[in-house]
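Novice: Note that the protein sequences, when read in sequence, are chains A and B. Position one of the first sequence corresponds to residue 1 (my numbering), numbered consecutively onward. Position one of the second sequence corresponds to residue 1001 (my numbering), numbered consecutively onward.
Simulated from the structure, these hints should not be mistaken for laboratory data. Possibly wrong hints are sitting among the right ones.
Said to hold, decoys possible - Which residues of chain A face chain B? A partial, calculated answer using Cβ under 8 Å:
hint, residue
1, Phe-11
2, Tyr-80
3, Phe-82
Note that the coordinates shown come from a computational prediction; the quantities given were computed from them, not determined experimentally. Every residue gets a Cβ at the ideal spot worked out from N, C-alpha and C, and that includes glycine.
Spelled out, the chains give:
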Amino acid sequence: MIEAQNLDLTFQTNDGPVHALKDVSLQIDKGEFVSFIGPSGCGKTTFLRCMADLEHPTGGEITVNGVSPEAARKSRAYGYVFQAAGLYPWRTIGGNIRLPLEIMGYSKADQSERVARVLELVELSGFEKKYPWQLSGGMQQRASIARALAFDADILLMDEPFGALDEIVRDHLNEQLLHLWARTQKTIAFVTHSIPEAVYLSTKIVVMSPRPGRITDVIESPLPKERPLDIRDSPEFLEVAHRVREGLRAGHLDD
Amino acid sequence: MRSVVPVLTVVAAIFAIWYLAAIWLNAAWAYDKATRSGEELGVVALVADTWSQEKPKLPAPHQVGVEIWDTTVEKKITSKRSLIYHSWITLSATLLGFALGTGLGIALAVGIVYNRTMDMSVMPWVIASQTIPILAIAPMIIVVLNAVGISGLLPKAMISMYLSFFPVVVGMVKGLRSPDAMQLDQMRTWNASPSQMFWRLRLPSSMPYLFTSLKIGMAASLVGAIVGELPTGAVAGLGARLLAGSYYGQTIQIWSALIMAAVLAAALVAIIGLLQRVTLRRMGMA
Ligand SMILES: Nc1ncnc2c1ncn2[C@@H]1O[C@H](COP(=O)(O)OP(=O)(O)OP(=O)(O)O)[C@@H](O)[C@H]1O
Ligand SMILES: [Mg+2]
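Take these sequences, add in the hints, and give me the full structure.
Specialist: Pasting the structure below:
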């Protein structure tokens, strides 16, 4: 699905080069839920942006769906959820979700049908005619996820989509996201700062460390696909969380 | 309601200062007249005279008020002495020039935002164009256009356009560039075409900037239309009234034309302000 081989990316800045990604190799298979976790500045966003063709690696190879990220972007192979919901204030929730569909040239009838479907998927049915400012932050973020789901992209790239939300809302959205993933069979790449979130959601956890940004550990989760919220108290969960924490600490010790 | 008291206070203060200034500025002429006719001028007579001279240095507010009343309500609109008629002449040039200026401004802004060459080359010229005093360039525009057979409304509108496109270019360039990096990236992930990006993101985002520019542009447009009437010896329009007034020392006529121009400008800007409020509220941006 997504394959990175010895990926390198150096930003040329006024203060000299910043080595954001160094020798990053990773394979994400179809239907996986992969979380990226690591301290600030370790290149999580940059890696995700490389997959989305929003950033261009200075070395190495990356393919998305077997083609270059650019080709994947042009064939609308992925939906990207940014940290901020980024809904247009002049469009209703329905209008916002319709936006990419209009751009991609879906028919009017198809648009309406899809909007209704994804709104139901994120439990926002009935809010189609509301404006973004009439919704809470969590609902806005759900609407932005719905927008990324509305067109048929197999891949969902999410950069700290719940970073700005409080823990309770976040728990709820995490649960919803898992359901959604199970129902839609998408491949998800998910950036987060939260260890419990990463462990709860993922089939694979990628631990990264900064200066230069690199992968220090890849953890295959032994947790079952079916995950009620209280799985977070199970020994398996705590063990994975422990390993992630160890990986993060090891990354820090290298500094 | 709370704003009424301060507003009235300011208005009252302006009138008070105006009346006092009228006494001060017109006193010399009143004394002159009195000396010539050998009269002794008391305070009351002095004040009365300074507020009722035929060609005062500074007419009193009520004189201007009466003049405006006489030349608007009391005159037929078709009359050459009707201030409404003259206002309409100026207004039509203003509106045409404003429309042209807005169109030109938006077109240039789009070019600047979308075309690197224009970005590098156009802005300096736009700014240079505004450093030339309009009074210097207005007669040339009129003369040149007359030479190619264009006269009447259009030359004046061109001068309005010349003044009003500037704030629109500046505001719209800023407005069209106002979407942040995330919004642009988002469009990119959907593989949006440049025109889709323009109509769906850049243009709506620029609306608050556009309206602010339009207000300035409208006021500039009116100035342009009035200035455009000065060098041609135009017989109609607020500018023509100003010019005729100054030839014949008709200060009351000058002031009533000035007040009329101010009222016109205020009304036009207020209309745009209203449009702005309604539009931005409907767009969820206010
Ligand atoms: N456009 C850019 N130009 C220059 N440097 C950049 C740019 N984008 C990112 N960087 C640098 O690259 C490094 C990695 O940044 P990145 O945003 O990928 O980190 P991150 O892991 O997402 O951090 P966070 O958790 O804070 O979001 C940082 O040092 C950052 O300063
Ligand atoms: Mg980031």
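Novice: Have a go at the Tyr-80(A) hint: is there a Cβ in chain B nearer than 8 Å to its own Cβ?
Specialist: holds (4 Å)
Novice: Hold the hint about Phe-11(A) up to the distance rule: shortest CB distance to chain B must be less than 8 Å.
Specialist: violated (14 Å)
Novice: Double-check Phe-82(A) for me: the hint is only fine if its C-beta lies closer than 8 Å to a C-beta in chain B.
Specialist: holds (5 Å)
The structure shown violates just one earlier hint, number 1.
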